[in-house]
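S.K.: Starting from the known structure of chain A, arrange chains B, C and D on it as the hints suggest.
Number of protein chains: 4
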Amino acid sequence: MAIEIFVTGGTFDKEYNELNGELFFKDTHLPEMLKLGRNRVDVSTKTLMMIDSLQMTEDDRQLIVSECKNTPADQIIITHGTDTMVETAKRIAAADIADKTIVITGAMIPYKFGSSDGLFNLGSALAFVQTLPKGVYVAMNGRWFNWNNVWKNRQTGRFEELQKVK
Amino acid sequence: MAIEIFVTGGTFDKEYNELNGELFFKDTHLPEMLKLGRNRVDVSTKTLMMIDSLQMTEDDRQLIVSECKNTPADQIIITHGTDTMVETAKRIAAADIADKTIVITGAMIPYKFGSSDGLFNLGSALAFVQTLPKGVYVAMNGRWFNWNNVWKNRQTGRFEELQKVK
Amino acid sequence: MAIEIFVTGGTFDKEYNELNGELFFKDTHLPEMLKLGRNRVDVSTKTLMMIDSLQMTEDDRQLIVSECKNTPADQIIITHGTDTMVETAKRIAAADIADKTIVITGAMIPYKFGSSDGLFNLGSALAFVQTLPKGVYVAMNGRWFNWNNVWKNRQTGRFEELQKVK
Amino acid sequence: MAIEIFVTGGTFDKEYNELNGELFFKDTHLPEMLKLGRNRVDVSTKTLMMIDSLQMTEDDRQLIVSECKNTPADQIIITHGTDTMVETAKRIAAADIADKTIVITGAMIPYKFGSSDGLFNLGSALAFVQTLPKGVYVAMNGRWFNWNNVWKNRQTGRFEELQKVK
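Residue numbers (my numbering), protein chains in the order written: chain A, 4 to 169; chain B, 4 to 169; chain C, 4 to 169; chain D, 4 to 169.
Take these hints with a grain of salt, some might be off.
The list cannot tell twin chains apart, which means a pair is met if one copy fits it or any two copies do.
Below, simulated DSSO-like cross-link-like pairs (lysine-lysine); rule was C-alpha separation at most 30 Å, straight line [stated by the list, open to error]: (1) 155 - 115; (2) 167 - 38; (3) 137 - 115; (4) 167 - 49; (5) 115 - 29; (6) 115 - 167.
Hints were generated in silico from the structure; no laboratory data involved. Since this is a predicted model, take the numbers as computed values, not measurements.
The shape of chain A in the complex, shown without the other chains (with noise of 0.2 Å):
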């Protein structure tokens, strides 16, 4: 059974247009970055929205949602912008899909930047769900975090635990 990744546009997939200098989306990158990194996990890549997630509307969500629901794999990734991941993060726990391991990860700047965080992020996300128990997280910075115990820390850019695990 393939590891299902839904891609749902965020920074990860932001491009640069050149005839007006603003930022935009196109096609995903994640076949590239899998490409790149060798990936040889049996993986389906599915386009759900290309959007920036402070413009994510109730129904994306419940399509998010849905199609977590419906997908017949157990493991699932969800390339996301950081703005908004924890609140889809919340809005999947709810959902109550007991029986899967869902990560959520995104990236601070886009693939196609140079100095973009989104292959190192991919590739442990890719391991996180493979390894993690069922449940729906956040991998973010090299950490995972459990979906009711993280935030995104604006001023640093930073995810961080709401309190401490012991």
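M.R.: Only chains B, C and D this time, still in chain A's reference frame:
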């Protein structure tokens, strides 16, 4: 307790000498890579040697084994040339360091080249070392392998299981 | 006498702010780019401003003109946003700085992005300023244009002649 | 009349073979580099050989000379390994191709490495070939040199004049 990262060289850290056109080792790129990945896991990096793993001697492997034993860390990553990664994994397993999770990783393409798999592998190794049970593993191609069930297929450059695990 | 490089910002020097997802200016990348190109031409770099050329005011252009006049250098490169590059070229030409070769260049993609044309443009601008006769020029797309025979085609992002020169 | 670009290999086009860890030649990266530079100068690219310039034989140089003679183009760029670039320049000059501008360029670091000077050198070579008078030149380090007044300083990796031109 920080995760210990032992650097031994390998393709990961090869650089291009522009004066003679040869590949060589200078300093490790691990700290730079961890910064690029916005890593926030507590790690301690120590360079044991900077060599091509085809040049690795019995004494070199002995040093790696004893460093694994002596560090107080119980989660260890070793960056290593891919050609004899499996051999070093066997030596460590034979030393019976039963209470630690040890993950050996590397890269097919030097980090300094645009097309390196290094950052992806480092991300996955860091995730595996935090989540796999005690044991000795090789992490390549987004996968993890038990030390006694892996080989490098030199025709394809991929790591594969000796026998399919069910 | 060193070649003078005046930095005014533009796409060349845009960076990605990972905290708010916006493009912004910090320091110029010119010194880093010259080092990457192993440049051995004697140059002096001075930052006049760090702005998007769509924001460039009359006062900003006045400053550029007076700096071109006042520098003892008779070979000058100006890095500049592409959108109003031609307008600034006209202003300099109007100032009648007859005894200097002045080359304005820029980039369609920020240098910090993997896919930038910046290094190519800088290499060509540096060559043009050493070899073209006195005058005011725009250097983009591997070509040079007289200040009064060039426009930026915003549909294609390319610089073109107003009328074909025989 | 298009500018002719003759590709002969050299560091410019070296790649890393991930199966054996050696550098090798496959296809030239010139078209990709010209696209990256958003080049709009009319050029025609022809690969004459793909070799390290230390391996270049008398026959190879003879081929380069006769191609320079036979092309209808009067502006020619030759990409070449830096080690014997000057020797090839001398051979071309000796052939007395008096009515053409011929610029030889190369790179200290392969284009496929993140830190290559190749794109900078290509940009400058393309500018020099359009602006320098008839003759045979070497273009490196942002500079141009007459074929009979240049050597490669192997201690520093830089190209220098034999005697200072006033």
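S.K.: Hint by hint, say whether it matches the structure.
M.R.: So, going through the hints one by one against the coordinates:
1. Both within a single protomer and between protomers do residue 155 and residue 115 lie at most 30 Å apart by alpha-carbon distance, with minima of 23 Å and 25 Å respectively.
2. Proximity of residue 167 and residue 38 under a CA criterion of 30 Å is satisfied inter-copy only: 23 Å between copies versus 36 Å inside one chain copy.
3. Taking identical chains as interchangeable, the C-alpha atoms of residue 137 and residue 115 are never at most 30 Å apart, the minima being 32 Å within one chain and 37 Å between chains.
4. Taking CA atoms no more than 30 Å apart as the test, residue 167 paired with residue 49 passes between copies only; the shortest distance there is 28 Å, against 35 Å inside one copy.
5. Taking CA atoms no more than 30 Å apart as the test, residue 115 paired with residue 29 passes in both settings, with 12 Å inside one copy and 20 Å between copies.
6. Proximity of residue 115 and residue 167 under a CA criterion of 30 Å is satisfied in neither setting, with 34 Å inside one chain copy and 36 Å between copies.
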